[in-house]
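Turn these sequences into a full structure, and let the hints steer you where they fit.
Here are the chains, one letter per residue:
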Amino acid sequence: MTPQISYEAPKEIGKFKQIALGVGGLGTVALIIAALISEQMREQALRSWLFGFIFWAGISIGSLGILLLQYLTGGAWGVVTRRILEASSRTLVLAAIMFLPIVFGATFIYEWTHPAKDETLKRILEHRAPYLNLPSWILRTVVYFGLLLLMVYLLNKWSKQMDETGDWQLLKKASQFSGPAMVFYVLLVTFASIDWVLTLDPHFYSTIWGFLFLAGWGLSSYAFTILLLAWLSYREPMNQVVGRRHFHDLGKLLLAFVMLWAYLNFSQFLIIWSGNIPEETFWYLERMESGWGAIGIILITLHFAFPFVVLLSRDVKRNPKWIASMAIFILLMRFFDYYYTIGPAPRVSLHGAKLMLMESLSWMDFVAPFAVGGLWLWYFFGELQKRPLVPINDPFLEPAIEHGRAH
Amino acid sequence: MSGKKLYGIMAEFDTPTELVDAARKVREAGYTKTDAFSPFPIHEIDEALGIRRSILPFLVFGGGVLGLLLGLGLQYYTHVIDYPIIVGGRPHFSLPAFVPPAYELTILLAAFTAVFGMLFLNGLPMPYHPVFNVPRFALASRDKFFLLIESKDPKFNYEETRKFMESLNPQEVFDVEE
Numbered sequence: 001m002t003p004q005i006s007y008e009a010p011k012e013i014g015k016f017k018q019i020a021l022g023v024g025g026l027g028t029v030a031l032i033i034a035a036l037i038s039e040q041m042r043e044q045a046l047r048s049w050l051f052g053f054i055f056w057a058g059i060s061i062g063s064l065g066i067l068l069l070q071y072l073t074g075g076a077w078g079v080v081t082r083r084i085l086e087a088s089s090r091t092l093v094l095a096a097i098m099f100l101p102i103v104f105g106a107t108f109i110y111e112w113t114h115p116a117k118d119e120t121l122k123r124i125l126e127h128r129a130p131y132l133n134l135p136s137w138i139l140r141t142v143v144y145f146g147l148l149l150l151m152v153y154l155l156n157k158w159s160k161q162m163d164e165t166g167d168w169q170l171l172k173k174a175s176q177f178s179g180p181a182m183v184f185y186v187l188l189v190t191f192a193s194i195d196w197v198l199t200l201d202p203h204f205y206s207t208i209w210g211f212l213f214l215a216g217w218g219l220s221s222y223a224f225t226i227l228l229l230a231w232l233s234y235r236e237p238m239n240q241v242v243g244r245r246h247f248h249d250l251g252k253l254l255l256a257f258v259m260l261w262a263y264l265n266f267s268q269f270l271i272i273w274s275g276n277i278p279e280e281t282f283w284y285l286e287r288m289e290s291g292w293g294a295i296g297i298i299l300i301t302l303h304f305a306f307p308f309v310v311l312l313s314r315d316v317k318r319n320p321k322w323i324a325s326m327a328i329f330i331l332l333m334r335f336f337d338y339y340y341t342i343g344p345a346p347r348v349s350l351h352g353a354k355l356m357l358m359e360s361l362s363w364m365d366f367v368a369p370f371a372v373g374g375l376w377l378w379y380f381f382g383e384l385q386k387r388p389l390v391p392i393n394d395p396f397l398e399p400a401i402e403h404g405r406a407h
Numbered sequence: 001m002s003g004k005k006l007y008g009i010m011a012e013f014d015t016p017t018e019l020v021d022a023a024r025k026v027r028e029a030g031y032t033k034t035d036a037f038s039p040f041p042i043h044e045i046d047e048a049l050g051i052r053r054s055i056l057p058f059l060v061f062g063g064g065v066l067g068l069l070l071g072l073g074l075q076y077y078t079h080v081i082d083y084p085i086i087v088g089g090r091p092h093f094s095l096p097a098f099v100p101p102a103y104e105l106t107i108l109l110a111a112f113t114a115v116f117g118m119l120f121l122n123g124l125p126m127p128y129h130p131v132f133n134v135p136r137f138a139l140a141s142r143d144k145f146f147l148l149i150e151s152k153d154p155k156f157n158y159e160e161t162r163k164f165m166e167s168l169n170p171q172e173v174f175d176v177e178e
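Listed in order, the protein sequences are those of chains G and E. Last residue of the first sequence: number 407 in the working numbering, and the count goes up by one each step with no gaps. Last residue of the second sequence: number 178 in the working numbering, and the count goes up by one each step with no gaps.
Keep in mind that the hints were calculated from the coordinates and are not lab data. Some hints could be false.
[Unchecked claim] Pairs of lysine to any residue, SDA-like flavour, derived with a Cα cap of 20 Å:
(1) G:Lys11 with G:Gln385
(2) G:Lys252 with E:Val60
(3) E:Lys5 with E:Ala111
(4) E:Lys163 with E:His43
(5) G:Lys160 with G:Ser175
(6) G:Lys172 with G:Phe396
(7) G:Lys252 with E:Asp82
(8) G:Lys117 with G:Ala106
(9) G:Lys252 with E:Leu56
(10) E:Lys5 with E:Ala110
(11) E:Lys5 with E:Tyr158
(12) E:Lys4 with E:Leu108
(13) E:Lys33 with E:Phe61
(14) G:Lys172 with G:Pro395
(15) G:Lys122 with G:Thr107
(16) G:Lys252 with E:Phe61
(17) G:Lys252 with E:Glu177
(18) G:Lys157 with G:Thr141
(19) G:Lys252 with E:Thr17
(20) G:Lys252 with E:Ala110
(21) G:Lys252 with E:Lys163
(22) G:Lys252 with E:Ala114
(23) E:Lys152 with E:Gly30
(24) G:Lys122 with G:Ala353
(25) G:Lys252 with E:Lys152
(26) G:Lys354 with G:Tyr340
(27) G:Lys160 with G:Asn276
(28) G:Lys160 with G:Gly210
(29) E:Lys144 with E:Thr17
[Claimed, not checked] Incomplete in silico selection of chain G near chain E, CB under 10 Å:
(30) Tyr234
(31) Arg235
(32) Asn239
(33) Leu312
By construction, the Cβ of each residue, glycine as well, lies at the ideal position given by its N, Cα and C atoms.
What follows is the structure, given as structure tokens:
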């Protein structure tokens with residue numbers, strides 16, 4: 001039944017690779033130059049780099065999570081997207097390298113790396129010091145990347161072996177691995193997102209924080225995968241594989257993640273709002289004034305309400321062009337969400353002062369997503385070219401293709 | 001035919017493919033009051049028989065919106081108009097606190113609309129249906145596929161329709177009595 005065609009990536013991917021490398025390289029050079037000018041510029045460059053990193057590394061980490069999820073649940077959508085997800089997950093290697101500037105520049109952006117200026121903060125930091133100190137933070141980061149990369153390595157290895165040998169037992173192995181791995185994955189994302197992002201604000205704490213990132217990274221990974229799959233679906237060889245029902249299924253998952261993201265964010269807000277304790281409320285108060293509130297409104301209306309209502313429609317989910325447009329829009333909104341999280345955090349070079357939205361915005365915040373993204377995409381496209389675009393010996397490939405063709 | 005009124009003519013098929021092919025021909029022949037029966041869902045059959053999409057999703061959306069407004073309205077009325085009490089120093093109209101109940105009511109009414117709307121649109125519960133007068137129809141929930149043309153169909157003509165059904169290569173053709 002399966003037509004004997006080669007599942008190589010379309011030629012344009014090679015061109016994209018070049019463009020991505022050019023954009024990423026230029027952006028990175030611009031940021032490096034800026035970082036050398038002054039201490040304040042260096043902090044800004046590193047913060048912007050972190051902003052870009054959280055978005056793009058999030059797609060790598062989120063894709064790993066979706067891979068684990070897919071091995072546990074099965075489903076046609078997972079078979080046709082697996083190679084895209086795998087390529088994203090393998091790009092975590094580059095993401096780990098791109099985190100090095102943050103490690104070496106940690107003292108420029110994380111206030112807790114310095115002795116506290118005021119009495120309250122001093123007490124908080126002393127209390128947290130056994131956990132939150134630079135050596136153990138670096139050690140933990142190494143562990144996060146180590147374990148995540150181990151999962152990436154194993155899943156990719158088995159998938160490749162199955163292409164070569166056609167041994168269906170490997171699929172069982174991957175599912176059995178994915179159960180326990182999922183538990184560790186959730187813990188790793190929780191700790192990593194707290195260490196990398198939440199501690200920008202050394203006062204704050206939130207136990208739901210990790211889940212905000214699980215949902216957010218999962219959402220951007222789905223959006224990115226749908227976008228790429230839609231593009232591929234108009235070209236050889238994926239036009240033989242992908243059908244409207246695949247987009248329908250992926251669209252439902254996109255909708256589910258939009259709702260999950262909103263649900264978890266509202267949960268954090270409602271609990272802090274109800275508790276009404278100054279140690280927590282300041283985090284939202286700062287994000288409601290000085291211009292930051294505007295981003296909050298944008299997130300509620302355009303990151304949640306608008307995609308939610310549009311994605312309810314079956315016709316939107318089944319049309320590759322419409323669902324891809326929605327995916328682009330959601331990816332754009334993800335930037336707003338990360339900026340809302342990172343932007344208002346205190347500045348080390350200003351002795352812990354916090355800036356208004358307009359003061360905080362820097363040209364580097366616009367350059368960094370392109371710099372990190374260009375390099376990320378360059379590596380990603382290279383990985384995508386390395387393997388057939390579908391798992392050719394997966395026992396579920398044929399039913400998955402049939403599923404997409406059906407009405 | 002034994003004096004009883006005729007409900008329709010039914011044909012039995014062995015495979016879903018034959019059923020879908022036959023359904024296409026039935027539609028092309030211009031019949032509209034038709035139905036197909038299968039032990040499992042066949043996605044092509046909707047399109048083959050020209051069955052239009054259900055309006056249920058829109059009803060469910062309406063039910064959800066109604067639930068949302070009802071939830072917000074209920075809380076606004078009780079907290080602001082009918083019995084205003086200050087709780088935890090917050091304003092009477094505290095939207096964040098109103099969200100969970102409003103959300104629950106949205107889900108509740110949307111779910112009710114889905115379940116009861118589905119029953120209503122399908123004409124359920126239906127204690128009697130003439131198709132069960134054909135003894136072999138019991139196999140529709142096992143391994144046989146059936147296609148029905150109702151006698152209410154404007155194009156229905158006993159001799160012609162029966163001949164047409166036989167031309168579709170079915171296993172057997174039955175008269176279905178009311």
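Now the hints, each set against the structure:
1. G:Lys11 with G:Gln385: holds, 9 Å
2. G:Lys252 with E:Val60: Distance ~17 Å between lysine 252 of chain G and valine 60 of chain E Cα, so the pair holds.
3. E:Lys5 with E:Ala111: With Cα atoms ~40 Å apart, lysine 5 of chain E and alanine 111 of chain E exceed 20 Å; violated.
4. E:Lys163 with E:His43: violated, 28 Å
5. G:Lys160 with G:Ser175: The given pair, whose Cα atoms are some 15 Å apart, holds under the 20 Å limit.
6. G:Lys172 with G:Phe396: Judged against 20 Å, a Cα distance of about 12 Å means the pair holds.
7. G:Lys252 with E:Asp82: violated, 41 Å
8. G:Lys117 with G:Ala106: holds, 18 Å
9. G:Lys252 with E:Leu56: holds, 18 Å
10. E:Lys5 with E:Ala110: Not OK: lysine 5 of chain E and alanine 110 of chain E at ~41 Å, beyond 20 Å, violated.
11. E:Lys5 with E:Tyr158: holds, 12 Å
12. E:Lys4 with E:Leu108: violated, 46 Å
13. E:Lys33 with E:Phe61: Since the Cα atoms of lysine 33 of chain E and phenylalanine 61 of chain E sit roughly 29 Å apart, the hinted pair is violated (cutoff 20 Å).
14. G:Lys172 with G:Pro395: This hinted pair holds, its Cα atoms lying about 11 Å apart.
15. G:Lys122 with G:Thr107: The given pair, whose Cα atoms are some 17 Å apart, holds under the 20 Å limit.
16. G:Lys252 with E:Phe61: holds, 16 Å
17. G:Lys252 with E:Glu177: Distance ~44 Å between lysine 252 of chain G and glutamate 177 of chain E Cα, so the pair is violated.
18. G:Lys157 with G:Thr141: violated, 24 Å
19. G:Lys252 with E:Thr17: violated, 29 Å
20. G:Lys252 with E:Ala110: holds, 17 Å
21. G:Lys252 with E:Lys163: violated, 46 Å
22. G:Lys252 with E:Ala114: holds, 18 Å
23. E:Lys152 with E:Gly30: The hint holds at about 13 Å.
24. G:Lys122 with G:Ala353: Roughly 16 Å separates the two Cα atoms, so the pair holds.
25. G:Lys252 with E:Lys152: Roughly 40 Å separates the two Cα atoms, so the pair is violated.
26. G:Lys354 with G:Tyr340: holds, 13 Å
27. G:Lys160 with G:Asn276: With a Cα-Cα distance of about 52 Å, the restraint between lysine 160 of chain G and asparagine 276 of chain G is violated, given a limit of 20 Å.
28. G:Lys160 with G:Gly210: violated, 31 Å
29. E:Lys144 with E:Thr17: holds, 12 Å
30. Tyr234: Violated. Min distance 23 Å.
31. Arg235: Violated. Min distance 26 Å.
32. Asn239: The hint is violated - asparagine 239 of chain G has no Cβ within 10 Å of chain E, the shortest such distance being about 20 Å.
33. Leu312: holds, 7 Å
When the structure is compared with the earlier hints, violations turn up for hints 3, 4, 7, 10, 12, 13, 17, 18, 19, 21, 25, 27, 28, 30, 31 and 32 and for no others.
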